[in-house]
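Fit chain Y to the known structure of chain W by using the hints.
2 protein chains.
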Amino acid sequence: MNKIEPRTLPGFLELLPKEQIMFNEMKEKIQKSYEKFGFLPIDTPIIEMSEILLAKAGGETEKQIYAFQKGDNNLALRFDLTVPLAKYVAEYYNDLSFPFRRYQIGKVYRGERPQKGRFREFYQCDIDIIGDGELSILNDAEIPSIIYNTIKEIGFDDFTICINNRKLLNGLFKELNQEENSVEIMRIIDKLEKIGQDSVVEILEDMNVPKDTVNKILEFIQIDGSTEEKLRKLEEMNIQNEVFVQGLQELKDVVKYAKIFGVPDENFKVDLTIARGLDYYTGTVYETFLNEYRSIGSVCSGGRYENLAEYYTDKKLPGVGVSIGLSRLFYKLNELQAIKMEQKSISKVLVVPMVEDMSKPIEVATMLRKNNIPTEIYIEDKKIKTKFKYADKLQIPYVIVIGEDEIANDVVSFKNMVTGEQQTLKIEDVIKMLGQA
Amino acid sequence: MNKIEPRTLPGFLELLPKEQIMFNEMKEKIQKSYEKFGFLPIDTPIIEMSEILLAKAGGETEKQIYAFQKGDNNLALRFDLTVPLAKYVAEYYNDLSFPFRRYQIGKVYRGERPQKGRFREFYQCDIDIIGDGELSILNDAEIPSIIYNTIKEIGFDDFTICINNRKLLNGLFKELNQEENSVEIMRIIDKLEKIGQDSVVEILEDMNVPKDTVNKILEFIQIDGSTEEKLRKLEEMNIQNEVFVQGLQELKDVVKYAKIFGVPDENFKVDLTIARGLDYYTGTVYETFLNEYRSIGSVCSGGRYENLAEYYTDKKLPGVGVSIGLSRLFYKLNELQAIKMEQKSISKVLVVPMVEDMSKPIEVATMLRKNNIPTEIYIEDKKIKTKFKYADKLQIPYVIVIGEDEIANDVVSFKNMVTGEQQTLKIEDVIKMLGQA
Numbered sequence: 001m002n003k004i005e006p007r008t009l010p011g012f013l014e015l016l017p018k019e020q021i022m023f024n025e026m027k028e029k030i031q032k033s034y035e036k037f038g039f040l041p042i043d044t045p046i047i048e049m050s051e052i053l054l055a056k057a058g059g060e061t062e063k064q065i066y067a068f069q070k071g072d073n074n075l076a077l078r079f080d081l082t083v084p085l086a087k088y089v090a091e092y093y094n095d096l097s098f099p100f101r102r103y104q105i106g107k108v109y110r111g112e113r114p115q116k117g118r119f120r121e122f123y124q125c126d127i128d129i130i131g132d133g134e135l136s137i138l139n140d141a142e143i144p145s146i147i148y149n150t151i152k153e154i155g156f157d158d159f160t161i162c163i164n165n166r167k168l169l170n171g172l173f174k175e176l177n178q179e180e181n182s183v184e185i186m187r188i189i190d191k192l193e194k195i196g197q198d199s200v201v202e203i204l205e206d207m208n209v210p211k212d213t214v215n216k217i218l219e220f221i222q223i224d225g226s227t228e229e230k231l232r233k234l235e236e237m238n239i240q241n242e243v244f245v246q247g248l249q250e251l252k253d254v255v256k257y258a259k260i261f262g263v264p265d266e267n268f269k270v271d272l273t274i275a276r277g278l279d280y281y282t283g284t285v286y287e288t289f290l291n292e293y294r295s296i297g298s299v300c301s302g303g304r305y306e307n308l309a310e311y312y313t314d315k316k317l318p319g320v321g322v323s324i325g326l327s328r329l330f331y332k333l334n335e336l337q338a339i340k341m342e343q344k345s346i347s348k349v350l351v352v353p354m355v356e357d358m359s360k361p362i363e364v365a366t367m368l369r370k371n372n373i374p375t376e377i378y379i380e381d382k383k384i385k386t387k388f389k390y391a392d393k394l395q396i397p398y399v400i401v402i403g404e405d406e407i408a409n410d411v412v413s414f415k416n417m418v419t420g421e422q423q424t425l426k427i428e429d430v431i432k433m434l435g436q437a
Numbered sequence: 001m002n003k004i005e006p007r008t009l010p011g012f013l014e015l016l017p018k019e020q021i022m023f024n025e026m027k028e029k030i031q032k033s034y035e036k037f038g039f040l041p042i043d044t045p046i047i048e049m050s051e052i053l054l055a056k057a058g059g060e061t062e063k064q065i066y067a068f069q070k071g072d073n074n075l076a077l078r079f080d081l082t083v084p085l086a087k088y089v090a091e092y093y094n095d096l097s098f099p100f101r102r103y104q105i106g107k108v109y110r111g112e113r114p115q116k117g118r119f120r121e122f123y124q125c126d127i128d129i130i131g132d133g134e135l136s137i138l139n140d141a142e143i144p145s146i147i148y149n150t151i152k153e154i155g156f157d158d159f160t161i162c163i164n165n166r167k168l169l170n171g172l173f174k175e176l177n178q179e180e181n182s183v184e185i186m187r188i189i190d191k192l193e194k195i196g197q198d199s200v201v202e203i204l205e206d207m208n209v210p211k212d213t214v215n216k217i218l219e220f221i222q223i224d225g226s227t228e229e230k231l232r233k234l235e236e237m238n239i240q241n242e243v244f245v246q247g248l249q250e251l252k253d254v255v256k257y258a259k260i261f262g263v264p265d266e267n268f269k270v271d272l273t274i275a276r277g278l279d280y281y282t283g284t285v286y287e288t289f290l291n292e293y294r295s296i297g298s299v300c301s302g303g304r305y306e307n308l309a310e311y312y313t314d315k316k317l318p319g320v321g322v323s324i325g326l327s328r329l330f331y332k333l334n335e336l337q338a339i340k341m342e343q344k345s346i347s348k349v350l351v352v353p354m355v356e357d358m359s360k361p362i363e364v365a366t367m368l369r370k371n372n373i374p375t376e377i378y379i380e381d382k383k384i385k386t387k388f389k390y391a392d393k394l395q396i397p398y399v400i401v402i403g404e405d406e407i408a409n410d411v412v413s414f415k416n417m418v419t420g421e422q423q424t425l426k427i428e429d430v431i432k433m434l435g436q437a
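Taken in sequence, the protein lines are chains W and Y. Note that the numbering used here numbers the first sequence so that position 274 is 274, with each residue one more than the last. Note that the numbering used here numbers the second sequence so that position 387 is 387, with each residue one more than the last.
Some clues are possibly wrong.
Chain copies aren't distinguished; within one or between two, either way the pair holds.
Stated by the list, open to error - With a straight-line Cα cutoff of 20 angstroms, these simulated DMTMM-like cross-link-like pairs (lysine to aspartate or glutamate) come out:
#, residue 1, residue 2
1, K252, D357
2, K389, E421
3, K29, D43
4, K230, D253
Calculated directly from the structure, the hints in this document are not laboratory data. Bear in mind that the values here come from a model prediction, so they are computed numbers and not experimental data.
Bound-form chain W, shown alone (with noise of 0.2 angstroms):
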């Protein structure tokens, strides 16, 4: 019979499965914390009709969507989990509770060019609360708190969570008379850290803004000091427009509240450059860097935003969320050797059977197994060495030999494959030993 090569689509995530336990184990840790922090979960199809999911898109995501035909049904693959949240929540508004607080992790479909560490289908871990025609500005800030908890979470300790209020800068461009070129200057301004400051200056002279005004954006971009100063320094700047007071207060609120949520200063900065997508949120913005790993870029984004569901519902839906691109995350992490999970391995023992007839050691499997001890028996007839070198290669911590001697006492060896210790021990003893462990 003719072969087929066996190959996976370039840009997919696939892992062998020592990669993939570190992974499901990376996945839980980020649930568990979603719930505890009272996040419903909710898990929307992957196919959509296209017209649910491009209400809106278009440009970019247009193109990398995957849409097809099924009988007479235009069908596409959802790209994110905010469109199908968005629906979901005009879908079964009757029947939600108001905040609505959920939490979804799920795979998306982005048909990019394939480049290293950018996937094409890759996990978004995803958490919003979508209030009911308002939403406390408290909400905006325990976010960080959920940020702070889940990255911890996951094995880091020296990260930042950097917040910003694109009222500010809505509101500084309108004082300035720079609201048509909002849009522009606010993706400059993203780009500062990449480009440096006097690259920024020079673009935006190119574009004809007034040296005065280039001036004030300049000032406000290079407000520094603790977080406190930074507020003060805002203050001083003496903006009248609405939309900037509002955010300033805002953003304090957000300060003020995420400390009593519990985030350490050290974890916590208020960063004036960060503008997030620029036509979505409206209010509050995320992003979380890892300090010793900063090249990944913010492992943790999102914003506030005024309106979740307008393409689909009347009701006003204002809601505050963040997502971490998991995939991206995981592949960059175990690139960098930097995955900080705990488990090795599924089977906590491996028992190795050195006798013909099996039911003494399918007893004592069975007998660990019913103690809730992740237990595996090589059954195939095979060498010893064969049988331990299966127990190291999937980094089995202990290995139970039984033989004829054993079953004759009624005890089993016990080997502890990391120190390499071995014992002679009652199999009850053993249980008592790994159910504490």
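Same frame as chain W, but now just chain Y:
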């Protein structure tokens, strides 16, 4: 703005959060059960090259598949988890340890005509044990213990794992010179429960199967009694055909060792009329029925196959596995109000502030979360009735009310939403109580 009606494609299961919590609990219990038996996780892409997915397919499968083009590639969505497993094992053969025990829980796609309880997107929960060249029959005996443990875990006691061995049927047909009719006869036998014995005889006679042969087939499928009696009667048929003899020995081994693997007699049965998918399985086959909900059909099925990945590699890779069709199972059980899951809510506590300054309530919520107690705080400025109604609708079991009095006395009002009982407690005591629950 013109609104697009928010809607989900027919045939796609989408749950409200309350049901999603139950669904996720069931899914997690299946996963934990699979892991207790030492299966390793893998997670293959939902999109694969059509060439890979359709290497074997044809007929119904090919019609149902979601296929499309992107760039120059012919792509398709996976319609099961077995073909991706075959690809995976062939692709990463050198990196895997054999026997390779893997589980995969994920969505698969079939563009079927949508009908009640049949889904176009649904979860399968698969386990397989793949041998390199050969695989001991004892693996076939372990599978029922995994099914037993898994179905118990998701809350059922009254169920029957039915096993058969296809070699018995194949050997019988050889013995009776009915090899060319074997596929057709197996299909008829598989329908026995549905159409009754008389119809089976009638159809066989219409096929010009000789009367003697029909009687021998009837003798076979009429074999009843306890498992031991069935095995004895199979012996007494005195069929010398080699395949039959081998099948009988395998069946006896599986029966003997499944018991040692801890499967109780009352949950286990030899059923000689089970044939399963006609060309894939070659030995042991499994079906599992919830006796109180027989109408659902088999909830966990599978079998032994000769060669997993013959379309991709010359390596001989025999295997044995079973699958749970989770979406359908959940849907049907939910319809029958037969779901036995424990978790009703994500949050254990709702903190309800009755003060203007949210600092204290936020501190309390943060303390609870630090102690790993899933907690929400109702931040919005609403009436107390609305806040309690929210807890009620989300079935959050405890509410903590914090007003001026509580703050003055450094206590909280702690209400059990199930019993209605209300206590005034120190927050430390609440944490102690809930931490132990």
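Within, between, both or neither, where K389 and E421 count as close if Cα-Cα is 20 angstroms or less:
Only inside one copy: K389 and E421 sit 17 angstroms apart there, 58 angstroms across copies, limit 20 angstroms.
Checking an output row: K252 and D357, CA cutoff 20 angstroms. Within, between, both or neither?
Between copies, since 15 angstroms is at most 20 angstroms while 73 angstroms is not.
Alpha-carbon proximity between K230 and D253, which holds within one copy, between copies, both or neither at 20 angstroms:
Result: close within a single copy only, 14 angstroms intra versus 76 angstroms inter.
Can you give me the call for K29 and D43, within, between, both or neither, at a CA distance of at most 20 angstroms?
both (18 angstroms within a copy, 17 angstroms between copies)
The structure shown violates none of the earlier numbered hints.
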